[in-house]
Every structure is written in structure tokens, then in C-alpha cells.
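Q: Whenever a hint applies, use it, and build me the whole structure from the sequences.
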Amino acid sequence: MSLGLKATMSREVGRLATRRIYLFSMVLVPVLMTLFFVYLLAPGLPLRIPSAVVDLDHSPMSRTITRSLNATELIDITQKLESYDEALEATRKGDIFGFFVIPANFQSDALAGRTPTLEYFTNMTYFVPGTLAYKGFKTIAVGTTGSMVRTTLVDAGVDPSLVGSLIQPIAIDSHPIGNPWTNYSYYLSPSFIAGVFALMIMLVTTFSIATEIKYGTSPQWLSTAKNRISVALAGKLIPQFVVWTVSAMFMLAMLYGYRHFPMNGSMWALVAATLLFIVGCQAMGVLFVSIVPNPRLSMTLAALFGILSFSFVGFSFPVQSMYGAVAIFSWLMPVRYYFLIYINEALNGIPLYYSRWYYVALILFPFVCSALVGRLKKACLKPVYVP
Amino acid sequence: MKRVFHNITVWFRDLTAVFCNEWRIIVHDMGALIFFLALPLLYPVVYTLIYNTEVVDKVPVAIIDDCRSEMSRQFVRDASAAPGIDVVGYAANLNEARRWMNEDKVYGILRIPSDYASDIETGQQATIEFYADMSLLLRYRALLAAVTDLQIKQTADITMNRVNMTGLETTGMAKMPIDSHHSFLGDPEQGFASFVMPGIVILILQQSMLLGISLIGGTSRERRMRNGGIDPEMIDSASASASVWGKALCYFVLYIPLTMYVTTCIPEMFDLPHYGSPVQYLPFMVPMLFASAFLGQALLPLMKERESAFLIVVFTSVVVLFAAGLTWPRYAMNGFWTWFSNLVPATWGVEGFIRINSNAATLAESARPFIAMWILTGVYFLCAWWALKWIRVRSLLKAKA
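Sequence order for the protein chains is A and B. Note that my numbering has the first sequence beginning at 1, numbered continuously upward. Note that my numbering has the second sequence beginning at 1, numbered continuously upward.
A portion of the hints provided could be inaccurate.
Unchecked claim - Stretches of chain A that chain B covers, calculated by requiring three or more beta carbons in the stretch to come under 8 Å of a beta carbon on chain B:
#1 28 to 36
#2 110 to 122
#3 147 to 161
#4 186 to 199
#5 299 to 307
#6 339 to 352
Unchecked claim - Only pairs whose alpha carbons sit at most 25 Å apart, straight line, appear in this in silico SDA-like list of lysine to any residue:
#7 A:Lys-93 with B:Leu-343
#8 A:Lys-93 with A:Arg-48
#9 A:Lys-93 with B:Ala-360
#10 B:Lys-105 with B:Val-88
#11 B:Lys-153 with A:Val-142
#12 B:Lys-304 with A:Val-27
In short, the hints are calculated from the structure, not lab data. Nothing here was measured: the structure is a model prediction, and the numbers come from that model. Every residue gets a Cβ at the ideal spot worked out from N, C-alpha and C, and that includes glycine.
A: What follows is the structure in C-alpha cells.
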């Protein structure tokens, strides 16, 4: 039996080495996608959002506001416009993501107690810049109001040391745990790179098995493995597992070694999760090709699951906020558990105990997914290619 | 002169023949039909269903009340009433609350210090401690916004009381000297589906087309391998330019109803922002479809078999999603990535369509992406033309070898 395994493995190594598509899908794509995310998102936050100020007042006070807007790290005043309509047009053209309007007679109204209104607009069609511009504008608007109140109160004879608590009687002492910089890359890079791995692992697994059926080599594959489907699968998937592991170790070294992503827990726990995650995705691939032993349909299933997992798994929109019937799907994906382990281990650094069920789930994938291999064996013995 | 006319006639005859032939191939290929029809029809619906709850609200929060006064209880009542916060319970201390957080029972902790009430009563600044789980930015953002609103409400209540006590009301200080007002444009409810779907539908158009073209192209390459470098199903006698245009027109015609469906029906069905006029966005989509049709054909030298499409094209959807600037805005990309994203038709398609659809921009205001897509159409036509010539020659050479 061990002879069968050895022979099947060396047969598979030969197949992997002779087709460039394997090198492309198993090494090139994971490595390039890792570099893509790490370097694209390197700044962490898209600061200095192109914005405009519409100053209808032209007073010392309005110029101070413009200066302080430009001084915040979030806002970059790229245009100074003269009307609301011009600003809307610049928004529609995509030149700016928001604008701040200082009304005419702002200074004189403010000083005379006639309560002028500062208005600011943010374009939410692009979520991240819209949100950040809103934050920048709001900070300045609130700050301007606060300093105005302070001046007036002090002028009215209120003790300056009490003014602070009078304006802001309650302060919020914020502790964002694990990512105080709100660095976007710390969410997007590890989760999306893992998503790409999951997608490619499922696709390559189905491809490598289904092409045996397509080109009629599957009976030979099985006979090399002494007609045992378990040996055949192990012989095929172990060499692939080794290649995936090399690519995944590059990914981990890049993120946590070279780029110093947060690693507040145990690196070994994450490495273990990565290996289990690879096996889990391979198992999903085997399941797809067992359900439909046909290259196109099984790869359609793998692509469907792989691409939808970027959304279902809730890298950006929380699973808890989805419809219940939709959220169920997130639990069918190995990458979901890997993502949760990453959050617990790397970002939050909490004890392994809290991730125990995620590890169990990853371990279960190969067992559950092998339920239909008997069906796969039958298809491999009598290969029929349906284009 | 006569010769020129003759050549033109032949070119158009070839084009028509390729167009009809391509149509026949698509209709008889189940795999191509899934990519060309099922994918653009179903994916937008599935995606919208995922994000259709739109907003993150009722984030579970634990309270640690070290003050246990009427004032702190009032604070908790206000917190419970906030739409963004769901108070799940009182924790005895920070350790217990952190344990709840580790167990994913809560995603935020609000701690009211023991001197909270006395600070407020003596006119000092009281401090609320806020601990947030950062596992998802969207949830953190929703919670932070809710906590900030809570702070503003408490501040307003307390300030009013205090200012009244100082007797300054008569001087007009009870009202703020400056008011501020904000409006969200394009996606007024800040919903997630409303933000992401107008971009996603355009990406789906491009990617489904690339997948379909690659599948057909890969299948044709297999036939060339089997038949001595010639594909009996394709019209190889047609000139490369007529052939490339004939196929592009075929895909274009096939995608006219699909484009109408994703740009008009999907926003209407799911009540997404849809302020633009079809007169503006349908003409805008023309170069987007042509550029995609030629890009797909330009990539065909890579597709050696029917299944290549899956391994080579599917993962690029992730690249294209980011290139389009939906997640990470384009102004924050460095020179290389800006340049790279400029080469993707959907980058411009997404940008222009979002402005027209959600901001009610006109076609004239979207001139920059519109022109960019026409330039890409030209560039990718040349690439596709060269690609087809290469494939024809290469297949024959390989067959001889």
C-alpha cells in the first residue's frame, strides 16, 4: 500500500512540474496577490481626501477655518470654489469627495449671536473616503463651535478653568483594542489574501482531479494507487499541499516578518491554523469534484464558493448583520474559521481557548467532505468528459 | 477603386459570418451560457441579498457601572435607547467584560467610573471609558458613531442645566453661537449595499464577459490542437480584424439586455440609489462593453484549454475590485497601481457609472472615464487583433512540429 502512495505521489509531482498552469496558480498567483495587497494598502489609511471649501464670507474667521481644514490629516483642500453649484459639479465629476460651505456674513453673524450655520457635504458613493471626509469636517465644525463658545463664555466672565467641563462635561476615553491606528490593511490584507488562497486551492484541487477524468487518465491514476481512492487522493493532494504550504509560508513571512503586521498571540497557532486551512480548502475541492465529476461544473462550484466567500465570510460587512439565511453560508467556508482565528490570535492576542471551536471546525472539513469519494471513484473508473 | 470596394464588401461579409458563427457557438455551449447569462443575471441578486440589511446596528455592548447612581443609570438608559447600541448586560469588572468580548458576546465595553456623578455635580469633566473590539472596521465605526452621539446628547443635557444655573440664559448663551449641518450625498442612508452594488454590477459585466470569452477561446484552442492547428468551428478564412470585430459585436449585442438589467432593474428591485438617467448611463456603457470584449480576446493566447478560464480569470475579480477603487480609493494609490488600474475597463466603468447612477452626473461630466474607455477599446482592439494572428500561426506551427 505504501508503494502505491509513493508511486502516486511521484506521478503527481511529475504532473505538477510539467504544466506551467500549476506553477502559475499555486505559486505565482498567491505570491503576487500577497505583494499586491501589502503594497497597495501600505499607507494603512487613505488620508488627505481631495475636498473643496466654498467660502462665501471671505473674512478672517472663514480663512482660519479653511486653514484648519487643510491642516487636518484627513482633508486636502484641492479646490476653493465660489458657489454650492460649482462644488456639486466637482463632486459629480469625481474631483472631490466632499465640501465645506462657510455661509456669507458668517463672521458678523457669529459675533452678533445670530447663529450662522456651517454646512458640509460628503459623497458616500465611495464609503471610505466619504466616511473619513465626514470625520474631518465634523471635527473642524465642532471645534469651531467649541472655541466660539469658549471665547464668549470667558468674555461673559465665566472662570476659564471651568469652561472646558462646561463645553464638554463628558469625555470619552477610547480604547480601540488591537488596532488603535484603525489601519485598513490589517483587516483587508490578511483576510483577502486568505480568500485568494482559498479560491485558488479549491480551483486547483478540482482542476487537477477533473482533468484526469477529462483526458481519461483517471483509471491509470487509480491503478497507480492500487485502486484505492483514499491512496489516490492522498498521493495527489500531499504534493500539492507541500506547494501550498510553501506559498502560504511566504505569505506569513511577508505579513508578520517583513511588514510587521500585529501578532499579539502565538505565531505557531496561526501557522497551525494555516496548515489546517489549506487541508480544509483541498477537502472542499474534493467535495465539489465528487458532487459533479466534470471539470467545468466542479470548477464552477469552486469559483462560485471561492468568490462569494469574500462577501459571505464578512471581511467587511459583519455576518451578524446579514439575513440569517444568508449568514448560514458563511459557516460552510474554511476561510471563515481561518479569519476568526486570525482576529483572535494575531489582532487581539486572546487565549487559544476562545478559538478552540474554530480549530475543531477546520479539522472536521476533510472528514465531512470525504463523504462522497465513493462517487468520485466510480466516475474515475469510467471517465466521461462532458464539455 | 473597384478593388477597395470589393475588399470592404468582403470585410463586412466576413464580419457578418463571424458574428453569426459566434452566436451559434455560444448558444450551443452550456458553459458559455452560464458565464454570459446566468452569472450576470444571478450574481447581482445574490450580492445584494448579502448586503441588503445595509447598516450595522444594535452592536452588543457590556456596561460596567462603578458609579451606581441615578445619573449613571440615566446614562445606561440613554445608551439602551440608542439605535446603534444593544446593552446586553452589566459586567462586574473589566475582566468579566473582556471575557464576554473574547467570547464574541459583546463588541464594546462602556465603563462608568465611580466619580461620574460627583464630577458632573461639581462641574468637573467626567470621563467614560470606551473599549472597542476592532475585528471589523464597519462594526467599530457604527459603535463609535453611536457612542459619540450618546456623548453629544449627554453634553447637551448637562450643558443646558449648567448654563441655566450660571444665569447666562438672558445673554442668549443658551443657544450655540454656530450651528452646523451635514448631508450625505449619493448614499444618504450610508447603506452598504447602496454603496457597493452600483460598482459591483459593472465589475460583474466585465468579469462575466472575460470568463465567457476565455471559455470559448480555450475550447477553440483544444480543437486546434486536435485538428492540425485549425478550428473547424471557427471561420479562419476571415481576416483577423473582421473576426475580432465580429466577435466583439456579438458579445456587445448579447450584453445590451444584460447591461440594462444590471444598471436599471437591479437598483429598482432592491431600492438602491438610482438618480441617474438611462439616457446618460446607457451610452456611457457602450465603450465599457467594447473594451471588455476586446480585452477578453486579447487575453486568449493564455487560454490553452477550456478550463483555463477558471484558473486565470476568476481570481482577477479580486484585483479588479481593488483597482476600481471601491474599497481603497484611487487617489491614495501609488503611481504604479494608478497606472495599472487605468488599464482595466471596469475601473472607468465603475467610476463613471457610480457618478451617474448615485450622484446624477451627466455623460458630459463623466467625460474623463468615457474617453478613457474609448482609448482602451482602441488599444485592446489592436492587442486582440495581434492575439488572433498569433494564435492562428502558432497553432499551425505547433501542429507541424
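Q: Now look at each hint and say whether the structure bears it out.
A: The hints, checked one at a time:
Counting residues of the segment 28 to 36 of chain A whose beta carbon lies closer than 8 Å to any beta carbon of chain B gives 3, which reaches the threshold of three, so the coverage claim holds. Judged by the Cβ-Cβ criterion of 8 Å, the segment 110 to 122 of chain A is covered by chain B as claimed, because 10 of its residues qualify and three suffice. Beta-carbon proximity to chain B at under 8 Å applies to 6 residues in the segment 147 to 161 of chain A; the threshold of 3 is reached and the given coverage holds. Counting residues of the segment 186 to 199 of chain A whose beta carbon lies closer than 8 Å to any beta carbon of chain B gives 6, which meets the minimum of three for the stated coverage.
Given as covered by chain B, the segment 299 to 307 of chain A passes the check, having 6 residues with a CB less than 8 Å from a CB of that chain where 3 are the minimum. Coverage of the segment 339 to 352 of chain A by chain B holds. Counting CB-CB distances below 8 Å, 6 residues qualify, and the rule asks for three or more. For the hint pairing A:Lys-93 with B:Leu-343, the CA-to-CA distance comes to about 20 Å; that is within 25 Å, so the pair holds. Between A:Lys-93 and A:Arg-48 the CA atoms are separated by roughly 18 Å; this keeps the pair inside 25 Å, and the hint holds.
Of the supplied pair hints, the one linking A:Lys-93 and B:Ala-360 holds, its CA atoms being roughly 10 Å apart against a limit of 25 Å. For a cut-off of 25 Å, the pair hint linking B:Lys-105 to B:Val-88 stands: about 8 Å separates their Cα positions. A distance of roughly 14 Å separates the Cα atoms of B:Lys-153 and A:Val-142; the hinted pair therefore holds under the 25 Å criterion. Proposed proximity of B:Lys-304 and A:Val-27 is supported: the alpha carbons are some 19 Å apart, at most 25 Å.
Comparing the model with each numbered hint stated earlier shows that all of them hold.
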